[in-house]
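Asker: One line per chain: the protein sequences are A, B and C, in this order.
Sequential numbering of the first sequence, starting at 1, is according to the numbering used here.
Sequential numbering of the second sequence, starting at 1, is according to the numbering used here.
Sequential numbering of the third sequence, starting at 1, is according to the numbering used here.
Some hints could be false.
Capping the alpha-carbon separation at 20 Å, the derived lysine to any residue pairs in SDA-like fashion look like this [to be verified]: (1) K13/A with V126/C; (2) K13/A with V552/C; (3) K148/B with E133/B; (4) K13/A with A123/C; (5) K148/B with P90/B; (6) K13/A with R115/C; (7) K13/A with A127/C; (8) K13/A with G223/A.
The hints are simulated quantities; they were obtained by calculation from the structure and are not laboratory data.
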Amino acid sequence: MRARPWPVFLARKAREFVLAVAALVVLTFAIVHLIPGDPARVIAGVDASSEQVDAVRTQLGLDLPLGTQFLDHVSGLLRGDLGESYRTGQPVTDVIATRLPFTLSIALVGIAVTLVVSLALGLAVAGLTRGNRNPWLDSAFGWVTAIVLALPVYVVGAILIVLFAVTWRVLPAGGASSAAAYILPTLAIASGPIASMSRLVRREAAVVLEQDFMRTARGRRLGRVREYARHAVPNLLASTLTLSGLILAGMIGGAIVVETVFAWPGLGRAVVESIIERDYALTRGIILVIGVAAVTLNIVIDIVLAAVDPRTLRAGRALV
Amino acid sequence: MSTAAAVRRPAVEIDGLGVVLGSGAHRTEALRGVSFTIAPGCSVGLVGESGSGKSTLARVLAGLVPIGSGRVRIGDEEFTPGTSRRRRDPGLLQLVPQDPYSSLSPRRTAGQALAEAMDPRRADVRAHRTDIEEWLARVELPAGSADKYPHEFSGGQRQRIAIARALCVRPRVVVADEVTSALDVSVQVEVLELLAQLRVELELTMLFISHDLAVVRHVSDEVAVLCAGELREFGGVRQVYTAPRDDYTRRLLDSVPGGPGFRIRA
Amino acid sequence: MSTVLTPSSAAPERTGRVRRAGPMLITGLILLALLVLVAVLAPALLGDEARTLSDRRLLGPTADHPLGTDELGRDLFARALVATRTTLLLTVAATAISVVAGVVLGLLVWLMPQRIRDLVLTANAVAVAFPGLVLALVVAAVLGPGAMSATVAVGIAGIPSFVRLTANMAAPIMVRDYVSTARLLGVPRPIVLGRHVLPNLGGPLLVLSANSFAVTLTELSGLSFIGLGVQNPEYDFGRLLADGLPHVYVQPAQIVGPSVMLVLAGAAAMFIGDGLAARSDPRLRSLVRGRRTGVLRPARSAATHEPDRDPADSALSVRDLRVTTAAGRELVAGVSFDVGPGEIVGLVGESGSGKSLTAMSAAGLVPDGVAATAGRVTAAGHDLLGPVSPGDLARDVALVYQDPISTFNPALTLESQLTEVPRVHLGVHRRRAREALAESFRELRISSPDTRGRQHPHELSGGMLQRAMIAAALLTEAKLIIADEPTTALDVTVQAEVLRRFVAAKDTLGAGMLFISHDLAVVEALCDRTLVMRGGQVVEELTRDQLARREVTHPYTRSLLAATRYLEPTEETHP
């Protein structure tokens with residue numbers, strides 16, 4: 001343990017990843033089976049005849065024993081086969097392959113913007129309000145972030161469209177045709193996470209700045225900027241990153257909603273349509289992909305965290 | 001059992017006690033073959049530095065840590081590695097914890113804390129009002145303390161409440177775990193004097209744990225010295241302080257500030 | 001024991017204060033009251049107007065229709081207000097599902113054996129990491145689109161984070177002594193949870209519930225917005241927004257009603273949550289405006305103090321030092337003393353005596369929340385009341401603090417911290433500084449001095465860390481060492497050796513030393529002169545001989561001495 005913490009740590013992370021993905025596979029498989037009543041009837045529709053319902057049942061393999069169905073599902077997954085869309089007959093993997101890049105791109109751009117902006121903003125506010133300095137900034141920051149947090153992604157998106165696309169006509173309101181089309185959706189999904197993460201950074205920074213070792217650093221009279229950069233930031237990263245995984249996971253949810261606002265041809269739109277149309281193979285596949293993305297994101301954050309803070313490496317995780 | 005035999009029989013018997021904490025890379029042997037006894041009405045001071053296993057021993061006696069090897073007897077109850085962790089009779093043993101700020105719930109009055117000890121399920125203050133006031137007076141708290149919340153008391157007063165809470169159950173054995181280490185020197189003395197007085201008054205059987213050899217002197221008949229999980233010395237107070245048999249005890253004595261062996265400057 | 005006082009630990013100032021509701025809490029409560037009023041009244045008063053179809057379609061704002069009409073000619077202002085009831089009811093229901101189920105489960109895990117608890121919490125951690133909206137989508141997929149299923153979906157999706165929060169907040173309470181004591185007293189576990197754990201979670205849970213309400217509102221309306229929530233002809237804010245959006249090019253006013261209402265409802269919840277949190281946070285409560293804290297300034301009456309000795313001759317010279325809280329309470333009330341080169345001066349007192357504040361202020365490190373004034377503070381020849389070069393000060397004044405673990409930065413190696421002053425201020429090269437540090441380590445008899453510097457603080461014992469701290473003083477050849485209870489956190493057998501190293505280092509440097517302690521016995525063995533502090537004042541000054549002969553006059557010193565004697569191993573033996 002003391003000799004080589006990294007292999008132990010990575011093995012544990014790998015185990016967590018496998019467990020989480022396994023849980024996801026079971027969960028997505030169960031979607032159809034958790035439907036109250038007869039899933040085949042629900043899928044076929046209320047007006048369908050019993051022959052049609054039977055046909056649906058056979059087509060989806062719902063007449064087979066549960067164990068067989070699950071094994072088929074898993075072996076399909078292992079072959080990279082997520083089944084076919086019940087409505088269009090298109091392979092689910094194709095749908096995902098064409099739509100994933102759009103969702104992924106706004107989510108990743110949003111995450112990058114959020115991390116940079118909120119770290120800088122949070123630390124600056126914490127430093128300026130330390131020890132009850134600048135009480136006006138303290139309350140202004142509180143009010144503004146509270147209001148931004150109360151703004152749902154779709155409201156921000158709608159406001160942005162009205163302002164930039166309708167009133168001033170400087171940016172496109174929808175579609176993913178140009179680089180400029182990324183600006184409004186990114187702003188829309190990043191605003192909430194920026195508010196909550198800069199609050200988090202600010203709160204954590206306020207705690208770190210009151211630690212004894214910051215007093216020690218102050219005794220070395222390094223100047224505020226160097227004092228913060230060298231002594232506060234490393235300790236801040238650990239606690240911030242731990243919780244940012246959750247905030248960033250929430251951003252995936254934001255990406256799904258924002259696609260509706262901006263008529264963006266991503267996964268979010270696809271999954272919503274699949275649910276409305278009861279196209280379960282498609283729903284299953286997309287939720288699995290989004291879930292794996294979220295789990296991966298969190299594991300990556302854990303690994304970055306361990307690299308930043310050696311104590312986490314030993315403990316395995318910073319928080320339960 | 002005849003009364004004469006009961007008097008001679010120790011109230012607490014610790015025999016070859018071994019405890020292992022953690023597992024894998026974190027595995028540590030917290031206690032190794034520790035044996036000693038506490039006679040009824042007697043008080044043993046248990047001294048050791050950080051990592052000596054003294055708090056582990058307290059937690060074993062309280063049933064919070066399982067026994068690894070050996071056996072422990074408290075009163076008529078025998079505990080071995082195989083003993084299931086069943087609920088224990090509160091009258092067997094009570095603990096006075098170290099930190100006066102953690103030992104009382106911030107949202108419950110001193111009276112409620114004592115009522116809980118007297119009636120664990122209902123914790124009805126009104127039903128035990130006289131008892132509660134009597135006990136608070138016994139630990140020399142001002143009248144009217146029963147309705148006050150912990151934050152209205154000083155650290156020393158909180159420790160007095162914790163002591164009253166442990167004693168009002170009339171347990172066969174009391175374990176006091178570093179009860180004065182968080183207090184100012186003058187307050188420490190007050191709390192120690194109170195305990196020394198209650199010990200005689202109530203004929204307490206007590207295990208008094210401290211990292212400070214000097215602290216246990218006034219409240220102990222015998223002293224046990226623990227180092228790295230092993231019992232290094234066990235003897236009467238006078239003998240341990242004036243003629244320690246073990247090198248470690250001697251070193252500990254010499255390290256106490258103000259003691260004859262304490263030298264910093266040549 | 002004694003640490004530097006911060007306003008939050010200065011309890012007496014706070015006890016008199018009544019918990020007042022801040023402007024944020026008041027705003028939030030007023031907003032909430034208005035929304036509830038609208039939810040109760042609007043469906044009865046405006047219900048017809050909101051339902052009535054007309055051929056005045058997609059109008060802009062007019063006097064009759066402040067927000068215009070929709071594509072079926074219905075009044076949008078009325079619709080936005082009427083939708084409040086549905087939205088609030090569904091949000092309250094979903095929030096209740098998350099909070100109640102989450103809190104119950106989060107507490108129940110503490111009734112489980114540890115192995116099962118760990119398993120449940122790990123599984124829950126995975127669920128928390130999973131985006132809530134996606135979890136809601138799964139539930140919506142199972143139950144089909146609709147108001148009911150959306151509410152259940154969002155409610156269930158919020159459970160894992162409440163389980164986590166409750167379990168995490170309960171964790172530190174479960175290891176509190178009052179919980180284990182209650183168990184020992186024979187209180188059954190479920191009663192312990194109800195009597196000791198839940199009441200102490202009440203405040204934070206209320207705050208979290210308010211925040212959760214805002215999140216739930218967003219998610220639930222989001223589901224309606226994307227078409228999986230409330231279905232036509234029913235409508236909530238999200239549904240109204242979705243209906244209005246396609247017409248936004250023609251009539252931007254279409255989205256104003258639901259947007260404003262959504263933001264008002266969300267802001268009300270956020271304000272209430274933040275307001276409640278601020279009320280229970282002592283740091284924010286003791287806010288006093290107008291005074292700058294964390295600074296040392298010359299006293300107004302500075303001129304009256306004639307220099308009785310050239311301050312340049314002493315390692316530290318302090319005259320009339322006063323430290324006051326932002327609220328004006330005096331914690332140190334006019335302290336004066338000198339520390340000569342090579343001299344060790346002890347500062348003794350119990351907690352709250354102001355000894356640590358005196359020491360920190362003398363080093364020019366006044367903590368936030370208090371302000372200091374003095375007639376003179378000259379440390380290692382530098383006048384701290386005037387402009388000082390930070391580099392020189394950092395080089396000449398070395399500090400050692402009470403808790404060795406927390407005074408080191410846990411994220412950095414020893415050498416990067418201890419060689420900071422030579423590297424930053426003196427321009428010493430990294431490698432050279434590292435070698436010099438190893439040399440100091442060797443001098444202080446620290447084992448394996450050459451590799452020690454590359455370790456992190458948590459890998460070393462407390463005694464080792466305190467010696468490493470004094471190594472930094474050797475490194476810069478400090479002229480003044482200020483040590484604030486440096487051995488209080490150490491084992492007694494380690495204490496004497498660490499103190500011996502301190503004295504040796506001081507002798508090597510010929511530096512003066514200010515030694516703060518609560519322990520008169522330690523001070524007696526160590527110091528040339530001793531100042532006894534109480535209530536922010538020096539009550540007595542004693543030489544080494546006076547203390548050894550017990551020639552003390554002040555009653556407080558006497559009682560302190562008696563208490564110290566009581567805690568010595570033997571009464572009769574003392575040279």
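Asker: So, for every hint listed, does it hold in this structure?
Answerer: Tested hints:
{"no.": "1", "hint": "K13/A with V126/C", "in the structure": "holds (12 Å)"}
{"no.": "2", "hint": "K13/A with V552/C", "in the structure": "violated (65 Å)"}
{"no.": "3", "hint": "K148/B with E133/B", "in the structure": "holds (12 Å)"}
{"no.": "4", "hint": "K13/A with A123/C", "in the structure": "holds (14 Å)"}
{"no.": "5", "hint": "K148/B with P90/B", "in the structure": "violated (25 Å)"}
{"no.": "6", "hint": "K13/A with R115/C", "in the structure": "holds (19 Å)"}
{"no.": "7", "hint": "K13/A with A127/C", "in the structure": "holds (16 Å)"}
{"no.": "8", "hint": "K13/A with G223/A", "in the structure": "violated (39 Å)"}
When held up to the earlier numbered hints, the structure conflicts with 2, 5, 8 and fits the remainder.
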